[in-house]
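As they're listed, the protein sequences go chains H and E. My numbering puts the first residue of the first sequence at 1, with every later residue one more than the last. My numbering puts the first residue of the second sequence at 202, with every later residue one more than the last.
Hints were generated in silico from the structure; no laboratory data involved. Keep in mind that this is a model prediction, so the values were computed, not measured. Please note that a few of the clues may not be correct.
Simulated pairs of lysine-lysine, DSS-like, Cα-Cα distance not exceeding 25 Å [to be verified]:
| id | chain 1 | residue 1 | chain 2 | residue 2 |
| --- | --- | --- | --- | --- |
| 1 | H | Lys18 | E | Lys369 |
| 2 | H | Lys119 | H | Lys94 |
| 3 | H | Lys114 | H | Lys98 |
| 4 | E | Lys431 | E | Lys232 |
| 5 | E | Lys232 | H | Lys21 |
| 6 | H | Lys18 | E | Lys419 |
| 7 | H | Lys71 | H | Lys102 |
| 8 | E | Lys481 | E | Lys419 |
| 9 | H | Lys124 | H | Lys162 |
| 10 | E | Lys431 | E | Lys401 |
| 11 | H | Lys83 | H | Lys71 |
| 12 | H | Lys21 | E | Lys481 |
A few chain H residues facing chain E, derived, Cβ under 10 Å [unchecked claim]:
| id | residue |
| --- | --- |
| 13 | Phe7 |
| 14 | Ala17 |
| 15 | Ile24 |
| 16 | Asp26 |
| 17 | Asp45 |
| 18 | Pro49 |
| 19 | Thr61 |
| 20 | Asp80 |
| 21 | Leu145 |
| 22 | Asp147 |
| 23 | Arg152 |
| 24 | Ile154 |
| 25 | Pro155 |
| 26 | Ser167 |
| 27 | Leu171 |
| 28 | Pro181 |
Chain H residues, not near chain E, derived (Cβ > 10 Å throughout) [what the hints assert, rightly or not]:
| id | residue |
| --- | --- |
| 29 | Arg41 |
| 30 | Pro46 |
| 31 | Val47 |
| 32 | Leu151 |
All C-beta atoms, glycine included, are put in the ideal place defined by N, C-alpha and C.
Each chain is listed here by its residues.
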Amino acid sequence: MEQLETFMVESPDAVGAKTTKTLIQDVLADLSLNRVIGRLRVFVDPVEPVFIFAALLRLGTPAIRLKDFAKVDMGALGKDEVKIELLREAFTIKLLNKLWEKYGKENIVQPDKKIIVVKTDPIKELDVLREIVIEEPQQEVLDRLIDAIALRIIPEGFRVRKHELSSSHVLFVASEDTLKPEWLEKAKDIIESLRRSEDNA
Amino acid sequence: MLEPVMYEGGVYKHNQIIELVEDLGGYIIQKNVMQTDVVLLMLVPLNDMDIVEEKARELLGKLTRAPLTGTEIATVAPTLAYHHLPHLDCDVAEFLRKKGAKTNMVGLARGVGKRICQLSAYERDLINEHDLAVFILGNYEHCIIEKSKRLYEGIEVPIVVTGAPELKLEDVPNATAYVGSFGRILHHMRHSEELRTLDKLADVIGKVLDNVRQEIAKDPPSVAPPRIKKEIEEQIPEIIDSLHPLPITLQMNGARVKLPYEEYHEKLENIQFVEGMSMKDVAQVLPSKMRNFVLIRARPKSETGFVI
Numbered sequence: 001m002e003q004l005e006t007f008m009v010e011s012p013d014a015v016g017a018k019t020t021k022t023l024i025q026d027v028l029a030d031l032s033l034n035r036v037i038g039r040l041r042v043f044v045d046p047v048e049p050v051f052i053f054a055a056l057l058r059l060g061t062p063a064i065r066l067k068d069f070a071k072v073d074m075g076a077l078g079k080d081e082v083k084i085e086l087l088r089e090a091f092t093i094k095l096l097n098k099l100w101e102k103y104g105k106e107n108i109v110q111p112d113k114k115i116i117v118v119k120t121d122p123i124k125e126l127d128v129l130r131e132i133v134i135e136e137p138q139q140e141v142l143d144r145l146i147d148a149i150a151l152r153i154i155p156e157g158f159r160v161r162k163h164e165l166s167s168s169h170v171l172f173v174a175s176e177d178t179l180k181p182e183w184l185e186k187a188k189d190i191i192e193s194l195r196r197s198e199d200n201a
Numbered sequence: 202m203l204e205p206v207m208y209e210g211g212v213y214k215h216n217q218i219i220e221l222v223e224d225l226g227g228y229i230i231q232k233n234v235m236q237t238d239v240v241l242l243m244l245v246p247l248n249d250m251d252i253v254e255e256k257a258r259e260l261l262g263k264l265t266r267a268p269l270t271g272t273e274i275a276t277v278a279p280t281l282a283y284h285h286l287p288h289l290d291c292d293v294a295e296f297l298r299k300k301g302a303k304t305n306m307v308g309l310a311r312g313v314g315k316r317i318c319q320l321s322a323y324e325r326d327l328i329n330e331h332d333l334a335v336f337i338l339g340n341y342e343h344c345i346i347e348k349s350k351r352l353y354e355g356i357e358v359p360i361v362v363t364g365a366p367e368l369k370l371e372d373v374p375n376a377t378a379y380v381g382s383f384g385r386i387l388h389h390m391r392h393s394e395e396l397r398t399l400d401k402l403a404d405v406i407g408k409v410l411d412n413v414r415q416e417i418a419k420d421p422p423s424v425a426p427p428r429i430k431k432e433i434e435e436q437i438p439e440i441i442d443s444l445h446p447l448p449i450t451l452q453m454n455g456a457r458v459k460l461p462y463e464e465y466h467e468k469l470e471n472i473q474f475v476e477g478m479s480m481k482d483v484a485q486v487l488p489s490k491m492r493n494f495v496l497i498r499a500r501p502k503s504e505t506g507f508v509i
């Protein structure tokens, strides 16, 4: 998949638009967000003043749960414990941290590199443990994206903001003054046009 | 008339140039030794420039005019946020420092926006303690012009404004000079054209400061700021223990001394000059807005009637 198939900064002020484009490129590169944004359109009118940032997102892998990389079973017969057998070691540190937080260090035993035993009621906890979320790449990316847009790209003085955020798009309208309905309309139009070009491609 | 110059050369025998300048009645303002290289910022009497140039040639060093030497410049950003830091603001401050100025960064509390921007009384007074203020503004022509109408209220020092569009000075209200091709840049300025832009900024600031120098020369200070520095270093030994960068920062019309005002202002006022005056006869010793430092402002000749 190509990165940034559409990247437009529109403004009545041509010099400003060019500098803003460089600025956005710098920020996206700094926070390694280039692959996350598929299509991006920005509209700035400093006279109004309004700043509209609309982008279609391409978020990566969904959340990783314990059952995705480990076998979770009852422990030894007659004991209150759950046995976790790791198939991949990549997430062990994060998993251990989560388990320590939830059950306490004294209740976690790791007799072998790939085996973790949790001392808890297996009937109640087995399914909970299977579904426990170890890593959320999407959430991390979204956090970075908000950091980039809200804290670095939108001009600082534009403190009145309205935003929409979903797993497929992000939309920010910002201004120094009260937001006008026509700007919100325009922002919707921009997102729609991005969606259309995505569908046509 | 003292001329601000920068000497770049080897460490070997560089003492000779220091001694020569001091013998001629000039001053060494700063000495930076970097491994085998040395950079000296100094003030040399204009009439004796040839002798110093000759010596520099003999030592295979380079002598360049550095009009920013001995000045303190405020680089002002609308706030201290990611929008302005570390790039651009720090780049500008560092570049001016390389050219010989002492720069202080000022982040305004409510400097953002074209309609809502404000300058507090404290910020205004702090900026007025400098020789010049560089306001680093953004990308859009309209915003720079609107903001300039209100943001610099009460600032009496020359104001240099930077921004993305190439504007004429007449279009930017209240500014002394304007430099384009900057804008809000969020990467390190290291490409050749960006470095040229920084060079241009340094040139413009140099010209503005030269004009100020000419103005000051019409009614010269009773005591030259480097002389103030020299006497403080000789008579108040505690200054050596001050760990602040440049404990005595020279300005065009005085100096900032990084010692607590309450404790030291009497000592500073009573510094004696060989001509028979004390510091309070030729300069005002004032509390600075920066921490609890001391600000020394030389009195003009028209007030005292003499120049030492």
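To see whether the hints hold, each was checked on the structure:
1. H:Lys18 - E:Lys369: 20 Å, holds
2. H:Lys119 - H:Lys94: Holds, because 19 Å separates the two Cα atoms, which is no more than 25 Å.
3. H:Lys114 - H:Lys98: 16 Å, holds
4. E:Lys431 - E:Lys232: 14 Å, holds
5. E:Lys232 - H:Lys21: Not satisfied, since the Cα-Cα distance of roughly 42 Å exceeds 25 Å.
6. H:Lys18 - E:Lys419: Judged against 25 Å, a Cα distance of about 45 Å means the pair is violated.
7. H:Lys71 - H:Lys102: 19 Å, holds
8. E:Lys481 - E:Lys419: 22 Å, holds
9. H:Lys124 - H:Lys162: 43 Å, violated
10. E:Lys431 - E:Lys401: Violated. Lys431 of chain E to Lys401 of chain E sits at ~33 Å, over the 25 Å cutoff.
11. H:Lys83 - H:Lys71: Distance of about 8 Å is within 25 Å: holds.
12. H:Lys21 - E:Lys481: 56 Å, violated
13. Phe7: 16 Å, violated
14. Ala17: Holds: closest Cβ of chain E sits about 8 Å from Ala17 of chain H, inside 10 Å.
15. Ile24: Holds, about 9 Å.
16. Asp26: 4 Å, holds
17. Asp45: 9 Å, holds
18. Pro49: It holds, given that the least Cβ distance between Pro49 of chain H and chain E is near 7 Å, below 10 Å.
19. Thr61: Hint violated; Thr61 of chain H Cβ to chain E Cβ min 28 Å, cut 10 Å.
20. Asp80: Cβ of Asp80 of chain H sits 50 Å from chain E, so the hint is violated.
21. Leu145: 14 Å, violated
22. Asp147: 9 Å, holds
23. Arg152: 5 Å, holds
24. Ile154: Status holds, d = 9 Å.
25. Pro155: Holds - the Cβ of Pro155 of chain H comes within 10 Å of chain E, reaching about 7 Å at its closest.
26. Ser167: 26 Å, violated
27. Leu171: 21 Å, violated
28. Pro181: 20 Å, violated
29. Arg41: 17 Å, holds
30. Pro46: Non-interface label fails for Pro46 of chain H: nearest chain E Cβ at 4 Å, not farther than 10 Å.
31. Val47: Not fine: 5 Å to the nearest Cβ puts Val47 of chain H too close to chain E.
32. Leu151: The claim is violated: Leu151 of chain H sits with its nearest Cβ about 6 Å from chain E, within 10 Å.
Checked against the numbered hints given earlier, this structure breaks hints 5, 6, 9, 10, 12, 13, 19, 20, 21, 26, 27, 28, 30, 31, 32; the rest are met.
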